[in-house]
Amino acid sequence: MSVFDHLSDLPDLPARFTGDYPIMVEGLTNRFGDQVVHENLSLKVRRGEVLGVVGGSGSGKSVLMRSIIGLQRPAEGRVEVLGRDITAADLDQNIGVRRRWGVLFQGGALFSTLTVGENVEVPLRQYYPEIVDDLRHEIARYKVRLSGLPDAATSKYPSELSGGMKKRAGVARALALDPELLFLDEPTAGLDPIGAAAFDRLTRDLAETLGLTVFLITHDLDTLHEICDRVAVLADKRVIAVGTIPELLASDHPWIQEYFNGPRGRAAMESKERAVHKAKAAMDKDAPRGDTG
Amino acid sequence: MRDWAEYSIAQADGGGACLAFSGRLVVSTVGPIDHELRDLETPLASVDLANVTEMDTVGAWVAWRIARDHGAQITGASETAARLIDAVKSSASDAEIVPPRRPLAERVPLAVGEMVYAWGGGIVNLLGFLGAILVAMGQTIRHPSRFRLRSLVHQLELVGVNSLGIIGLMSFLIGIVIAQQGAVQLRQFGAEIYTINLTGRLTLRELGVLMTAIMVAGRSGSAFAAQIGTMKLTEEVDAMRTIGVSPVEALVLPRVMAAVLMMPLLGFFSAVVGIIGGAFLADLALDIPFFTFLRRIQEVVPLHDVWVGLVKAPVFGLIVGLAGCYQGMQVKSNAEEVGRRTTMAVVHAIFMVIVLDAFFAIFFTEIGWD
Numbered sequence: 011m012s013v014f015d016h017l018s019d020l021p022d023l024p025a026r027f028t029g030d031y032p033i034m035v036e037g038l039t040n041r042f043g044d045q046v047v048h049e050n051l052s053l054k055v056r057r058g059e060v061l062g063v064v065g066g067s068g069s070g071k072s073v074l075m076r077s078i079i080g081l082q083r084p085a086e087g088r089v090e091v092l093g094r095d096i097t098a099a100d101l102d103q104n105i106g107v108r109r110r111w112g113v114l115f116q117g118g119a120l121f122s123t124l125t126v127g128e129n130v131e132v133p134l135r136q137y138y139p140e141i142v143d144d145l146r147h148e149i150a151r152y153k154v155r156l157s158g159l160p161d162a163a164t165s166k167y168p169s170e171l172s173g174g175m176k177k178r179a180g181v182a183r184a185l186a187l188d189p190e191l192l193f194l195d196e197p198t199a200g201l202d203p204i205g206a207a208a209f210d211r212l213t214r215d216l217a218e219t220l221g222l223t224v225f226l227i228t229h230d231l232d233t234l235h236e237i238c239d240r241v242a243v244l245a246d247k248r249v250i251a252v253g254t255i256p257e258l259l260a261s262d263h264p265w266i267q268e269y270f271n272g273p274r275g276r277a278a279m280e281s282k283e284r285a286v287h288k289a290k291a292a293m294d295k296d297a298p299r300g301d302t303g
Numbered sequence: 014m015r016d017w018a019e020y021s022i023a024q025a026d027g028g029g030a031c032l033a034f035s036g037r038l039v040v041s042t043v044g045p046i047d048h049e050l051r052d053l054e055t056p057l058a059s060v061d062l063a064n065v066t067e068m069d070t071v072g073a074w075v076a077w078r079i080a081r082d083h084g085a086q087i088t089g090a091s092e093t094a095a096r097l098i099d100a101v102k103s104s105a106s107d108a109e110i111v112p113p114r115r116p117l118a119e120r121v122p123l124a125v126g127e128m129v130y131a132w133g134g135g136i137v138n139l140l141g142f143l144g145a146i147l148v149a150m151g152q153t154i155r156h157p158s159r160f161r162l163r164s165l166v167h168q169l170e171l172v173g174v175n176s177l178g179i180i181g182l183m184s185f186l187i188g189i190v191i192a193q194q195g196a197v198q199l200r201q202f203g204a205e206i207y208t209i210n211l212t213g214r215l216t217l218r219e220l221g222v223l224m225t226a227i228m229v230a231g232r233s234g235s236a237f238a239a240q241i242g243t244m245k246l247t248e249e250v251d252a253m254r255t256i257g258v259s260p261v262e263a264l265v266l267p268r269v270m271a272a273v274l275m276m277p278l279l280g281f282f283s284a285v286v287g288i289i290g291g292a293f294l295a296d297l298a299l300d301i302p303f304f305t306f307l308r309r310i311q312e313v314v315p316l317h318d319v320w321v322g323l324v325k326a327p328v329f330g331l332i333v334g335l336a337g338c339y340q341g342m343q344v345k346s347n348a349e350e351v352g353r354r355t356t357m358a359v360v361h362a363i364f365m366v367i368v369l370d371a372f373f374a375i376f377f378t379e380i381g382w383d
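Line order of the protein sequences matches chains A and B.
So that you can map any letter, position 62 of the first sequence is 72 in the working numbering, and since no number is skipped, the others follow by simple counting.
So that you can map any letter, position 6 of the second sequence is 19 in the working numbering, and since no number is skipped, the others follow by simple counting.
Do not take every clue at face value.
[Stated by the list, open to error] Lysine-lysine pairs mimicking BS3-like chemistry, simulated, CA-CA at most 27 Å apart:
| id | chain 1 | residue 1 | chain 2 | residue 2 |
| --- | --- | --- | --- | --- |
| 1 | B | K102 | A | K166 |
| 2 | A | K166 | A | K176 |
| 3 | B | K345 | A | K176 |
| 4 | A | K247 | A | K54 |
| 5 | A | K166 | B | K345 |
| 6 | A | K176 | B | K102 |
[As the list claims (entries may be wrong)] Take a look, some chain A residues computed to stay more than 10 Å from chain B by CB distance:
| id | residue |
| --- | --- |
| 7 | K54 |
| 8 | R57 |
| 9 | S69 |
| 10 | G221 |
| 11 | H263 |
| 12 | A277 |
Don't read these hints as lab results, they were simulated from the structure.
Nothing here was measured: the structure is a model prediction, and the numbers come from that model.
Heads up, the beta-carbon is just placed ideally off N, CA and C, and yes, glycines get one too.
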């Protein structure tokens with residue numbers, strides 16, 4: 011491996027994180043001037059779960075995500091990602107951690123002068139110069155397909171894509187380095203219900219296949235019901251509750267009650283129940299046929 | 014120290030070799046072995062993953078691709094590995110990363126053709142735009158209540174008042190340069206006193222207005238294009254249309270009018286400051302007293318020089334305003350285009366101003382205003 015010897019002093023990527031909590035936020039406080047966004051906020055995300063983060067507009071969901079991925083320096087508190095303290099170390103020293111997460115921003119945030127395929131290649135070029143062009147192209151191609159885009163989208167520019175396709179392309183780029191953590195900022199906002207449902211399925215499938223831990227900010231009640239293992243509720247400048255939806259329903263916090271028991275919350279819950287019934291009925295019907303066949 | 018993934022090839026009995034990967038087969042370790050395995054000539058019968066400690070989709074892809082290329086069996090895959098291989102297998106694709114480029118022999122004529130076509134279209138569109146402005150002007154004359162006085166005043170401030178400082182400074186320096194360089198040349202004929210004629214006539218007739226037009230194109234023409242272009246991107250212009258507000262009336266007319274109205278004032282201001290700059294230098298370096306210089310200006314500069322400047326100025330203002338607003342309204346798809354259109358607005362405006370200035374120079378000489 012003589013040709014690649016000069017790359018050997020790059021820090022090696024540590025083995026997959028095996029602790030219980032890949033994201034740990036403790037006593038986080040964020041301020042913009044006099045305005046306090048978070049005060050003494052704590053949150054733990056379990057390995058392998060899809061955590062939904064909900065909260066009213068302006069409750070600081072995006073700021074929380076930015077604090078976790080190191081784009082926003084908190085005023086106080088400690089943020090540990092994959093066992094490393096993000097707040098203490100310099101951003102440049104966190105490259106090792108940065109290679110292990112992928113982020114989907116709200117609008118996709120694709121580089122507009124590059125094609126979708128080239129967008130996926132950017133992180134690969136940045137971190138792994140030893141990967142030859144052929145392999146890099148192959149990786150870009152299958153990542154685009156893995157994100158549920160058609161072949162033809164690989165060579166398209168972002169301006170030629172619809173909103174839903176841009177989000178999928180954003181996911182392809184977020185997955186470029188096979189991260190362990192995936193951050194999604196309102197992935198289904200602005201998508202039609204069919205597109206949103208398809209995106210939910212994609213998230214679920216990817217999380218299961220690739221063993222991802224997903225931090226998902228959303229307003230979409232259907233997404234919460236369909237794919238989230240647990241839901242964290244942001245209100246009063248902190249996380250007021252974390253748990254499965256039935257657990258949250260048991261809480262008597264007025265905001266949570268209004269959120270899940272409002273007209274939209276009920277509709278989403280009922281559709282979920284209907285889906286479960288249907289699936290059960292289908293299973294009952296299939297069972298005898300399976301025996302005879 | 015990086016821990017690259019490793020492999021070994023063992024010759025099996027039944028013909029064909031067995032490729033066995035070992036260690037971590039992930040994106041950060043797979044680069045070099047992928048490079049080597051691409052040139053592998055030994056035909057493989059199986060790819061063994063039993064000694065792989067960790068795998069991600071990139072590792073799965075490399076293993077699967079080699080197996081596919083050699084028609085080999087994958088053995089010893091763990092449950093995770095098998096799942097990842099399934100995922101990449103069903104996502105395999107040979108799509109182009111970059112849209113295919115045409116051969117050079119086609120590309121060049123194509124680009125030239127498109128450019129010519131765009132020029133033609135641009136001229137037609139620009140005429141149409143000018144027409145739309147005239148129509149909007151007619152509308153506001155018929156319905157004066159619809160005229161946006163506040164907007165106009167705001168633009169007058171941005172285009173005119175706010176640029177007094179920079180235009181004044183520029184003109185003052187240019188006046189100094191003309192007087193100094195003129196004096197150096199004229200001294201050879203003992204005609205130093207003509208420095209006054211040179212400075213006065215040149216600034217009033219040509220340079221004051223021309224330099225001002227260039228400055229306004231760079232300062233305000235670009236701002237027009239960027240503002241309107243951004244408003245197009247954020248669909249503000251479309252929103253206006255649906256409410257029934259004409260964007261030409263609301264956005265373009267005040268800006269173009271501001272440029273047309275302010276250019277004569279700024280051009281004259283520039284000429285005056287240029288003369289003051291010349292007088293300042295003459296006082297310091299040529300022993301011509303400051304006020305003598307100014308008094309001589311009155312005597313040696315014919316009044317029609319002032320008119321030449323004042324006639325040209327609104328035309329230049331129209332060109333600058335028109336180019337800025339037109340390019341702004343042409344923005345369609347993305348942020349990159351705002352930048353491109355802004356550049357085009359400035360370049361086109363300056364180019365057109367200089368071309369027209371040449372025509373004006375000949376025209377005014379022909380009618381005897383020399």
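How the hints compare with the structure:
For the proposed pair B:K102 and A:K166, the alpha carbon gap of about 23 Å is at most 27 Å, so the pair holds. In summary, the hint linking A:K166 to A:K176 is supported, as the alpha carbons are separated by about 11 Å, within the 27 Å threshold. Between B:K345 and A:K176 the CA atoms are separated by roughly 18 Å; this keeps the pair inside 27 Å, and the hint holds. Under the criterion of a C-alpha separation no larger than 27 Å, the hint pairing A:K247 with A:K54 is consistent with the structure, at around 16 Å.
A threshold of 27 Å between alpha carbons decides the hint, and for A:K166 with B:K345 the separation of about 18 Å falls inside it, so the pair holds. With a CA separation close to 24 Å, the supplied pair A:K176 and B:K102 stays within the 27 Å bound. Every CB of chain B is more than 10 Å from the CB of A:K54 (nearest about 25 Å), matching its label as outside the interface. Every Cβ of chain B is farther than 10 Å from the Cβ of A:R57; the closest lies at roughly 15 Å, confirming the non-interface assignment.
The beta carbon of A:S69 sits about 25 Å from the closest Cβ of chain B, which is more than 10 Å, so the claim that it is off the interface holds. In this structure A:G221 is not separated from chain B by more than 10 Å, as the shortest Cβ-Cβ distance comes to only about 7 Å. Even its closest Cβ contact with chain B, about 37 Å, leaves A:H263 beyond 10 Å, as expected for a residue assigned away from the interface. Distance to chain B confirms A:A277 as a non-interface residue, since its nearest Cβ pair spans about 30 Å, more than 10 Å.
Violation of the numbered hints given earlier is confined to hint 10; every other hint is satisfied by the structure.
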